[in-house]
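Q: Sequence:
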Amino acid sequence: MPDSFHDWLTQSTMTGDWAGWRTWLTKKGVNISGHYFQDSAGNPMGGASKNVRYAHEVGVNVDFDLKKLTGFSIGLFHLTVTSRAGLGLGAKLPALDSPQEIYGSPTVRLSLLSWEMPWNRYVTTDVGEMNAETDFESWSMYWGMNNYCQFESNAICGMPQSIAFNSGYSYYPTAHPGAWVKFYPAGNDHYSIQFGAYSVDPTIGNTHNGWKMNLHGATGTFLPFQLVWHQGGKDDYSGPLQTNVKVGGYWDSSQVNNV
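Take the sequence shown: its position 138, counted from the start at 1, is 283 in this note's numbering, and no numbers get skipped.
It is worth saying that the hints were derived from the structure and are not from the lab.
Any given hint might turn out to be false.
The list that follows gives simulated cross-link-like pairs (lysine-lysine, DSBU-like), each with its CA atoms no further than 30 Å apart [claimed, not checked]:
{"no.": "1", "residue 1": "Lys327", "residue 2": "Lys173"}
{"no.": "2", "residue 1": "Lys213", "residue 2": "Lys327"}
{"no.": "3", "residue 1": "Lys213", "residue 2": "Lys379"}
{"no.": "4", "residue 1": "Lys357", "residue 2": "Lys327"}
{"no.": "5", "residue 1": "Lys327", "residue 2": "Lys391"}
{"no.": "6", "residue 1": "Lys172", "residue 2": "Lys212"}
Build the full structure now, drawing on both the sequences and the hints.
A: Listed below in structure tokens is the structure:
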């Protein structure tokens with residue numbers, strides 16, 4: 146335990162080193178982290194009704210460095226479990242999109258379970274239970290969060306919303322069977338060519354499907370591609386400001402009604 150409140154505020158992690166266990170696990174290749182955040186939103190005047198609503202998300206992330214664990218260069222294993230609860234203001238106004246970016250899919254659910262393999266400087270793959278939002282049509286990460294999500298409204302959080310509304314694009318915190326491959330022609334992250342494939346499942350966001358890991362009920366496959374040009378500093382907001390240009394498209398094999 147830290148000796149003072151000041152020491153707690155200035156330590157590198159919120160919960161400390163767990164009597165040395167955290168450092169020991171990290172050296173063995175196991176990195177454990179977590180998060181909590183909440184969105185409170187209110188409508189003080191006008192509109193259909195005056196209400197205040199609170200929603201939150203709690204998550205646990207575990208990343209395994211398989212080289213440290215096994216001695217073999219066989220990539221990384223990722224696990225993320227999230228729990229959402231609370232109420233959404235959009236149900237009372239109403240609104241075209243959720244005023245709170247974390248409201249939705251209110252249950253304990255598997256959000257990521259994947260094996261990532263950097264084969265060399267030029268090719269990286271990832272396969273497992275995942276979502277397209279993490280790697281396609283996303284912005285850079287600042288302060289541990291997608292830069293689209295620095296505002297509370299879900300209207301831009303994660304990705305441009307028109308893609309999610311018009312296709313089977315999968316988004317956080319849901320996890321779908323999927324995979325992606327990224328090619329780096331210059332051997333660095335300045336240029337990349339990316340392809341992905343994700344199961345389209347309109348029911349995956351339902352409360353009882355938090356741990357669904359099969360293709361039952363899938364309507365098709367979402368196949369995105371993306372060309373990326375990146376310059377600037379790292380995603381931790383150090384160094385020069387970033388420039389990111391992304392051009393891409395997708396094909397969704399699902400059959401839907403023409404409205």
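Q: Are the hints correct? Go through all of them and say.
A: Tested hints:
1. Lys327 / Lys173: Holds, because 28 Å separates the two Cα atoms, which is no more than 30 Å.
2. Lys213 / Lys327: holds (24 Å)
3. Lys213 / Lys379: Holds, at about 24 Å.
4. Lys357 / Lys327: It holds: about 27 Å lies between the C-alpha atoms, which stays within 30 Å.
5. Lys327 / Lys391: Holds - the C-alpha atoms of Lys391 and Lys327 are around 14 Å apart, at most 30 Å.
6. Lys172 / Lys212: holds (11 Å)
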